[in-house]
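Undergrad: Since the structure of chain A is already known, use the hints to place chain B on it.
Protein chains: 2
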Amino acid sequence: MSFFDTLSKTASDIEARLLTLLSANGGAERLNESVRYSALNGGKRLRAYLARAFCELCGEEGIRALDYGCAIEMIHAFSLIHDDLPAMDNDDMRRGRPSNHIAFGEATAILAGDSLALDAFAVAGLNPYCESAQNAEAMILLSQKAGRLGMCGGQQIDIDGEGKGLDINELTRLVDLKTGALFSCACALGCIAANASEAQKQAAIDFGLLTGRAFQITDDLLDISSTPEELGKSIGKDMESEKSTFVSLLGEERAYKYAGECIACAKSKLAEFGDNVSKTELSEFCDYILIRKK
Amino acid sequence: MSFFDTLSKTASDIEARLLTLLSANGGAERLNESVRYSALNGGKRLRAYLARAFCELCGEEGIRALDYGCAIEMIHAFSLIHDDLPAMDNDDMRRGRPSNHIAFGEATAILAGDSLALDAFAVAGLNPYCESAQNAEAMILLSQKAGRLGMCGGQQIDIDGEGKGLDINELTRLVDLKTGALFSCACALGCIAANASEAQKQAAIDFGLLTGRAFQITDDLLDISSTPEELGKSIGKDMESEKSTFVSLLGEERAYKYAGECIACAKSKLAEFGDNVSKTELSEFCDYILIRKK
Numbered sequence: 000m001s002f003f004d005t006l007s008k009t010a011s012d013i014e015a016r017l018l019t020l021l022s023a024n025g026g027a028e029r030l031n032e033s034v035r036y037s038a039l040n041g042g043k044r045l046r047a048y049l050a051r052a053f054c055e056l057c058g059e060e061g062i063r064a065l066d067y068g069c070a071i072e073m074i075h076a077f078s079l080i081h082d083d084l085p086a087m088d089n090d091d092m093r094r095g096r097p098s099n100h101i102a103f104g105e106a107t108a109i110l111a112g113d114s115l116a117l118d119a120f121a122v123a124g125l126n127p128y129c130e131s132a133q134n135a136e137a138m139i140l141l142s143q144k145a146g147r148l149g150m151c152g153g154q155q156i157d158i159d160g161e162g163k164g165l166d167i168n169e170l171t172r173l174v175d176l177k178t179g180a181l182f183s184c185a186c187a188l189g190c191i192a193a194n195a196s197e198a199q200k201q202a203a204i205d206f207g208l209l210t211g212r213a214f215q216i217t218d219d220l221l222d223i224s225s226t227p228e229e230l231g232k233s234i235g236k237d238m239e240s241e242k243s244t245f246v247s248l249l250g251e252e253r254a255y256k257y258a259g260e261c262i263a264c265a266k267s268k269l270a271e272f273g274d275n276v277s278k279t280e281l282s283e284f285c286d287y288i289l290i291r292k293k
Numbered sequence: 000m001s002f003f004d005t006l007s008k009t010a011s012d013i014e015a016r017l018l019t020l021l022s023a024n025g026g027a028e029r030l031n032e033s034v035r036y037s038a039l040n041g042g043k044r045l046r047a048y049l050a051r052a053f054c055e056l057c058g059e060e061g062i063r064a065l066d067y068g069c070a071i072e073m074i075h076a077f078s079l080i081h082d083d084l085p086a087m088d089n090d091d092m093r094r095g096r097p098s099n100h101i102a103f104g105e106a107t108a109i110l111a112g113d114s115l116a117l118d119a120f121a122v123a124g125l126n127p128y129c130e131s132a133q134n135a136e137a138m139i140l141l142s143q144k145a146g147r148l149g150m151c152g153g154q155q156i157d158i159d160g161e162g163k164g165l166d167i168n169e170l171t172r173l174v175d176l177k178t179g180a181l182f183s184c185a186c187a188l189g190c191i192a193a194n195a196s197e198a199q200k201q202a203a204i205d206f207g208l209l210t211g212r213a214f215q216i217t218d219d220l221l222d223i224s225s226t227p228e229e230l231g232k233s234i235g236k237d238m239e240s241e242k243s244t245f246v247s248l249l250g251e252e253r254a255y256k257y258a259g260e261c262i263a264c265a266k267s268k269l270a271e272f273g274d275n276v277s278k279t280e281l282s283e284f285c286d287y288i289l290i291r292k293k
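Residue numbers (numbering that gives the first Met the number 0), protein chains in the order written: chain A, 0 to 293; chain B, 0 to 293.
Excised from the complex, chain A in its bound form (with noise of 0.2 angstroms):
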């Protein structure tokens, strides 16, 4: 298996399990429809890939990740329907679609983000692969990388940020939070469902948050190279909304090569485990991210 073998089978195992999750009805019909269109969207996984990785990378199967991963999917769910809100980014596309708020309307679409959020924690408490004291950790976790001093703190930088510049320092603390907080959740999670040492754990969130950095700089990077038909997104938002990113702070090169630099960095932290197939695919999700196109 290479790591785009991997990332396509993560992709199908996690859609066929949020579907088994996100079944059970009652409540409202509507926000039951919500919920599963943004939740059930075909995305490319990769924060689940991440729990999964990390879970085998220290030496346990990857099925006891795959509901923490299903959970992380459904954070990073519900923070597209809120970022795409007309208060938010205004985002009339996401993934080729109409966003959850054209779909189904705004007060929908606010409670169909609500619910992922909330629900996102009773999957991951109720990880039938992990012990009780694991699930916890994992709640506790998902709770500190998406709430106000994680995810959410970011986003707020962000909106805070438009039309106003940051400077590099502080662009690096939005894109930490916004960003690099989940792919840190999701590293952890892995090593969380695989018992692993704390020492471990704290590599996987330096990993996290340097992937995560790199990631955002090639996005960046691909809302003023690429087309809203290559990416399933509007491009151009950035520069329309004077949005402070590395590439408008660095210019495209430097911007390229700070990326590449975090690669570099987060590939060393991989040391702190043992040599598998993993590592070799994890280091293959490093290259990924410089090289990707959507």
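Don't read these hints as lab results, they were simulated from the structure.
The reader is advised that the hints may include incorrect statements.
Said to hold, decoys possible - Covered stretches of chain A, as calculated for chain B (at least 3 residues, CB under 8 angstroms):
1) 25-39
2) 61-72
3) 125-134
Said to hold, decoys possible - Covered, in the sense of this in silico footprint (three residues per stretch, anywhere, with C-beta under 8 angstroms from a C-beta of chain B), are these stretches of chain A:
4) 99-107
5) 138-147
Said to hold, decoys possible - Per label pair, the in silico range of CB-to-CB distance:
6) A:GLU32 x B:LEU18: 38 to 44 angstroms
7) A:GLY25 x B:ALA270: 50 to 56 angstroms
8) B:GLY259 x A:ALA132: 44 to 50 angstroms
9) A:ASP274 x B:LEU18: 45 to 51 angstroms
10) A:ALA102 x B:GLU241: 40 to 46 angstroms
11) A:SER11 x B:GLY58: 46 to 52 angstroms
12) B:GLY58 x A:ALA102: 49 to 55 angstroms
13) A:ASN24 x B:GLU161: 43 to 49 angstroms
14) B:LYS8 x A:ALA132: 29 to 35 angstroms
15) B:LYS8 x A:ALA270: 33 to 39 angstroms
16) A:LEU289 x B:ALA198: 38 to 44 angstroms
17) B:GLY273 x A:MET0: 57 to 63 angstroms
18) B:GLY104 x A:ALA270: 53 to 59 angstroms
19) A:GLU130 x B:GLU60: 42 to 48 angstroms
Because the structure is a prediction, the values reported are computed rather than measured.
Note that the Cβ used here is the ideal one computed from N, Cα and C, for glycine as well.
TA: Then chain B, alone, in the frame of chain A:
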């Protein structure tokens, strides 16, 4: 101590504890302010009271349920911020002050709600007075009672029902989810903190559902009989938006009678627990719901 003394003591304990729990900075300053604005607002803290009272009813010190009480008040605060948004109930006032989105803008209000919902889990998960297995159970329950098949589902039914008219069964389902789920959760969290039996947890959940139903009826009655100054929020909204309520479906007299029946049934659920001062106070809490003026 009477119910009112314990309620007032709980409110100040919760306010002080939330001040500590929400004191960490980092992230975005504006988001920190917005979160504290809504979470530290001197509310009645009925849900935290229920967690404390059920913990004491089961013979354990109430402080064991303090952080569970904080977590559920954070979830409650999140739900109020999002309910007040223009796309939802569009309320400009909350507890006698501008609602969060009036004070901080819509984007920050959405993120403040998201942050409170997410951060509540780490607060419950790190409760220092309980074991990891109890904290895991508490987080799972919070997730289930607040999410798609709980409070959020109820809010969606509420939105879908506007201008359409619900029958009494649909309305009961709405109220059980929108209000009862969190009341039930609060009562059960107290039981979890005290390591109560499954039968006691079930009785607590029933108690929460029944008192939640009665609470919603007196809320509807206050909405037509009170003034904005007395309530600290806008009134007459239900009639304006043609929402079905117990009062609109049954008339004031029969609605109030039904609230009394719910309260009588709720009191009977307390038979599952031994006699102590908390049982007397919870009985007073039941009476309070029927006579409250705000």
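Undergrad: Hints first: check each against the structure and report whether it holds.
TA: Tested hints:
1. 25-39: It holds: at least three residues are needed, and the region 25-39 of chain A offers 7 whose Cβ sits within less than 8 angstroms of chain B.
2. 61-72: violated (count 0)
3. 125-134: holds (count 4)
4. 99-107: holds (count 4)
5. 138-147: It holds: at least three residues are needed, and the region 138-147 of chain A offers 8 whose Cβ sits within less than 8 angstroms of chain B.
6. A:GLU32 x B:LEU18: 38 to 44 angstroms: 40 angstroms Cβ-Cβ, so the 38 to 44 angstroms window holds.
7. A:GLY25 x B:ALA270: 50 to 56 angstroms: violated, 29 angstroms
8. B:GLY259 x A:ALA132: 44 to 50 angstroms: Cβ of B:GLY259 to Cβ of A:ALA132: about 45 angstroms, so the range 44 to 50 angstroms holds.
9. A:ASP274 x B:LEU18: 45 to 51 angstroms: holds, 49 angstroms
10. A:ALA102 x B:GLU241: 40 to 46 angstroms: For A:ALA102 and B:GLU241 the Cβ distance comes to about 25 angstroms; the hint is violated.
11. A:SER11 x B:GLY58: 46 to 52 angstroms: This hint holds: roughly 51 angstroms between Cβ atoms.
12. B:GLY58 x A:ALA102: 49 to 55 angstroms: Check passed, 51 angstroms falls within 49 to 55 angstroms.
13. A:ASN24 x B:GLU161: 43 to 49 angstroms: violated, 22 angstroms
14. B:LYS8 x A:ALA132: 29 to 35 angstroms: holds, 33 angstroms
15. B:LYS8 x A:ALA270: 33 to 39 angstroms: violated, 54 angstroms
16. A:LEU289 x B:ALA198: 38 to 44 angstroms: violated, 59 angstroms
17. B:GLY273 x A:MET0: 57 to 63 angstroms: With Cβ atoms ~59 angstroms apart, the hint holds.
18. B:GLY104 x A:ALA270: 53 to 59 angstroms: violated, 46 angstroms
19. A:GLU130 x B:GLU60: 42 to 48 angstroms: violated, 28 angstroms
In this structure, the hints that do not hold are numbers 2, 7, 10, 13, 15, 16, 18 and 19, in rising order.
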